[in-house]
Amino acid sequence: MLRDYQVKAIRDTYKWLYEHKGNPCIVAPTGSGKAHIIAGFCEDILKRNKNAKILVLSHVKELLVQDAEKIRLAWPQAPIAIYSAGLGTKEISAITVAGIQSIWRKPEELGRIDVVIVDEAHMIQNEDEGMYRRLLSSLHELNPKMRMIGLTATPYRLGQGLLTEGDDAIFQALIEPVTIEELVQRKFLARLTSTFTDLKMNVEGIKKVQGDYEKQELESRVNSSDINAKVVAETIRRAGDRKAWLVFCVSISHAEKMRDEFIAQGVRAEAITSKTTSEERARIFADFKAGKIRAVTNVGVATTGFDYPDIDVIVMARPTLSPGLYIQMSGRGMRIKSPGHHQDCLVLDFAGNIARHGAVTKIIPPRRTVKTGKKSSQELGDMFKICPKCHKTVMKRARECVHCGHIFSELSDLSVNDDIMEGVNDSEAVNENTTQEKPSEFQRMKVAYWYWKVVYRKKDRMPMIRVDFYGEDKLQGPKQLFLYIMQEDKAARERTYIRMKSLLQGVRIPELEKFDNVRILYELCETVRDNFTPPSWIEYKIEDKGSGHFHCTIPKWGWDE
10 MLRDYQVKAI RDTYKWLYEH KGNPCIVAPT GSGKAHIIAG FCEDILKRNK
60 NAKILVLSHV KELLVQDAEK IRLAWPQAPI AIYSAGLGTK EISAITVAGI
110 QSIWRKPEEL GRIDVVIVDE AHMIQNEDEG MYRRLLSSLH ELNPKMRMIG
160 LTATPYRLGQ GLLTEGDDAI FQALIEPVTI EELVQRKFLA RLTSTFTDLK
210 MNVEGIKKVQ GDYEKQELES RVNSSDINAK VVAETIRRAG DRKAWLVFCV
260 SISHAEKMRD EFIAQGVRAE AITSKTTSEE RARIFADFKA GKIRAVTNVG
310 VATTGFDYPD IDVIVMARPT LSPGLYIQMS GRGMRIKSPG HHQDCLVLDF
360 AGNIARHGAV TKIIPPRRTV KTGKKSSQEL GDMFKICPKC HKTVMKRARE
410 CVHCGHIFSE LSDLSVNDDI MEGVNDSEAV NENTTQEKPS EFQRMKVAYW
460 YWKVVYRKKD RMPMIRVDFY GEDKLQGPKQ LFLYIMQEDK AARERTYIRM
510 KSLLQGVRIP ELEKFDNVRI LYELCETVRD NFTPPSWIEY KIEDKGSGHF
560 HCTIPKWGWD E
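Residues 10 to 570 (the working numbering) are what the sequence shown spells out, left to right.
Hints are not guaranteed to be accurate.
[To be verified] Using C-beta positions, here's what the derived DEER-type ranges look like: (1) S511 / E481: 51 to 57 Å; (2) S347 / Q134: 36 to 42 Å; (3) D177 / R453: 49 to 55 Å; (4) E288 / P519: 53 to 59 Å; (5) A90 / S287: 18 to 24 Å; (6) I245 / I345: 24 to 30 Å; (7) D177 / E28: 34 to 40 Å; (8) E503 / R453: 56 to 62 Å; (9) R143 / R517: 38 to 44 Å.
[Stated by the list, open to error] DMTMM-like mimics (lysine to aspartate or glutamate), calculated; alpha carbons at most 25 Å apart, straight line: (10) K371 / D525; (11) K252 / E288; (12) K115 / E138; (13) K523 / E548; (14) K59 / E78.
No lab work stands behind these hints, which were simulated from the structure alone.
Quick reminder that beta carbons are idealized off the backbone N, C-alpha and C, glycines included.
All chains, full assembly: derive it from the sequences and hints.
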């Protein structure tokens with residue numbers, strides 16, 4: 010039985026296919042049941058047309074097994090076969106579940122294909138090269154009417170942006186039937202919690218290759234006996250009685266040394282890497298699920314295709330600039346847990362990925378590099394605080410802890426930290442310009458950093474940009490400026506546009522007429538966060554608006570010589 014959002018994914022995809030040419034991609038969060046959606050498509054397509062031929066593609070053999078199992082579970086009589094050298098079978102049927110590495114050179118063996126379904130569709134590049142593109146091109150020559158459907162939790166690639174961006178994009182639409190927030194609130198996904206780690210890996214100065222840290226330089230920086238020992242010791246201390254720990258490392262050597270360090274500190278552990286045989290990998294996963302092993306270290310293995318719901322600790326010892334990899338790592342802990350296990354998953358982020366990318370519920374897709382303005386060194390971690398009662402992390406603006414209900418009322422509560430799941434029980438609707446500070450005359454504040462974010466006005470859900478200015482005193486909350494760039498009044502929009510350009514020191518931004526949808530606001534906020542430094546100072550005033558409401562006004566700002 011499909012869930013309502015899985016049915017919606019199928020219906021919305023059919024509707025798009027009927028109305029458009031091209032290929033849609035379904036965005037389904039990790040743990041939402043992509044394999045069930047694939048199974049639903051296969052059964053429905055073949056019951057509508059018994060002569061149809063369907064090809065399900067993936068790059069990971071574990072996903073091939075999962076997809077085939079879900080199809081058989083949903084439809085025991087399904088005419089299904091698996092084509093994968095790694096699984097020791099090369100058969101073709103009405104539904105062929107195939108590994109791209111095994112089939113891409115052999116389109117003639119498949120013959121006419123009517124529908125291609127690509128699991129983990131973000132693996133397809135937007136250039137006319139690679140195994141996927143070559144196979145799809147050959148299949149399209151055999152059947153020009155062939156349609157393709159993608160599924161992914163991360164519809165973007167580093168340096169490429171969204172899968173739908175660019176003239177050569179293979180997908181023309183993203184279909185998003187459900188969000189992580191909704192799945193957590195409906196108890197279909199487990200909540201992630203994060204806590205401030207004592208050790209933070211230093212990646213400053215490491216060069217970047219193809220959008221991410223250069224692997225050898227990264228390994229030499231983070232894979233040391235001292236760092237490994239501290240990561241393991243802190244993991245043991247913070248994980249407590251949690252039972253299943255999954256550790257992400259930067260290299261084979263790092264994974265093996267981390268495994269050895271866990272063992273040395275009294276924790277049963279194994280490592281899984283590309284060197285691990287299929288038989289040994291199966292044994293390790295079986296022992297992990299049976300509780301015989303507490304910690305599994307890995308590199309590039311357990312990000313996709315590994316399905317163990319009871320993982321209750323994620324250890325990020327792998328810094329990454331890839332939001333997709335960050336989401337994949339986090340997603341390993343989001344399955345609903347069995348009775349007797351912690352019902353949330355603790356994320357110990359020694360790598361700084363949460364600060365780097367923000368909450369998993371609020372990821373902004375990467376875009377093509379914008380080379381303009383000054384690079385800001387500020388990270389997002391300063392937007393968070395730790396609850397003094399339960400010691401878990403929440404957004405810095407939160408008045409109430411979403412974990413234990415603690416009410417933040419004093420400055421002593423505002424210690425900085427990071428929260429991996431912003432938005433669950435934390436509405437983005439805001440009452441603009443309100444503050445808890447007492448009335449004051451105009452004051453000048455030195456700006457340490459700023460943060461641009463899209464929010465929605467509470468009374469009418471109008472999207473707007475909120476600029477948070479933080480001073481040097483981290484115990485003091487931000488001074489907030491709201492930019493109503495999408496309001497109906499044209500003159501007011503023009504005044505807002507002039508203020509926005511002033512904040513960005515006159516750097517060219519999209520024309521005012523382009524600010525007609527919320528997407529442009531998200532793009533602008535991301536560009537500013539990545540490329541611009543804030544004013545050196547602002548002038549602000551707190552005014553009493555009555556009924557206990559105070560208003561922050563920021564009329565002036567400037568840069569020191």
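Report task. With respect to the beta-carbon atoms only, verify the hint that R143 and R517 lie 38 to 44 Å apart. Result -> holds, 40 Å
Report task. Note whether the CB distance of E288 and P519 lies within 53 to 59 Å or breaks it. Result -> holds, 56 Å
Query - Outcome of range test on Cβ distance (D177, R453; 49 to 55 Å) - result: With Cβ atoms ~51 Å apart, the hint holds.
Query raised in the report: Would the pair K59 and E78 pass a check requiring their Cα atoms to be no farther apart than 25 Å?
Result: With Cα atoms ~21 Å apart, K59 and E78 stay inside 25 Å; holds.
Query raised in the report: So the hint says 18 to 24 Å: do the beta-carbon atoms of A90 and S287 match that?
Result: Since the Cβ atoms of A90 and S287 sit about 20 Å apart, the hinted range of 18 to 24 Å holds.
Requested in this report: Return holds or violated for the Cβ distance of D177 and E28 against the range 34 to 40 Å.
Outcome: Hint violated: Cβ distance 23 Å, outside 34 to 40 Å.
Requested in this report: Could you say whether the range 56 to 62 Å given as a hint is met by the Cβ separation of E503 and R453?
Outcome: violated, 28 Å
Report task. State, for the Cβ atoms of S347 and Q134, whether the hinted interval 36 to 42 Å holds or is violated. Result -> holds, 38 Å
Requested in this report: For the pair supplied as a hint, K523 and E548, confirm whether the alpha-carbon distance does not exceed 25 Å.
Outcome: The given pair, whose Cα atoms are some 30 Å apart, is violated under the 25 Å limit.
Requested in this report: With 24 to 30 Å as the target window, see if I245 and I345 comply at their CB atoms.
Outcome: holds, 26 Å
Query raised in the report: Can the restraint linking K371 and D525 be considered satisfied, given a maximum Cα separation of 25 Å?
Result: holds, 21 Å
Report task. Using the beta carbons of S511 and E481, state whether their distance is inside 51 to 57 Å or not. Result -> Between S511 and E481, where Cβ atoms are some 23 Å apart, the hint is violated.
Hint violations for this structure: numbers 1, 7, 8 and 13, all remaining hints satisfied.
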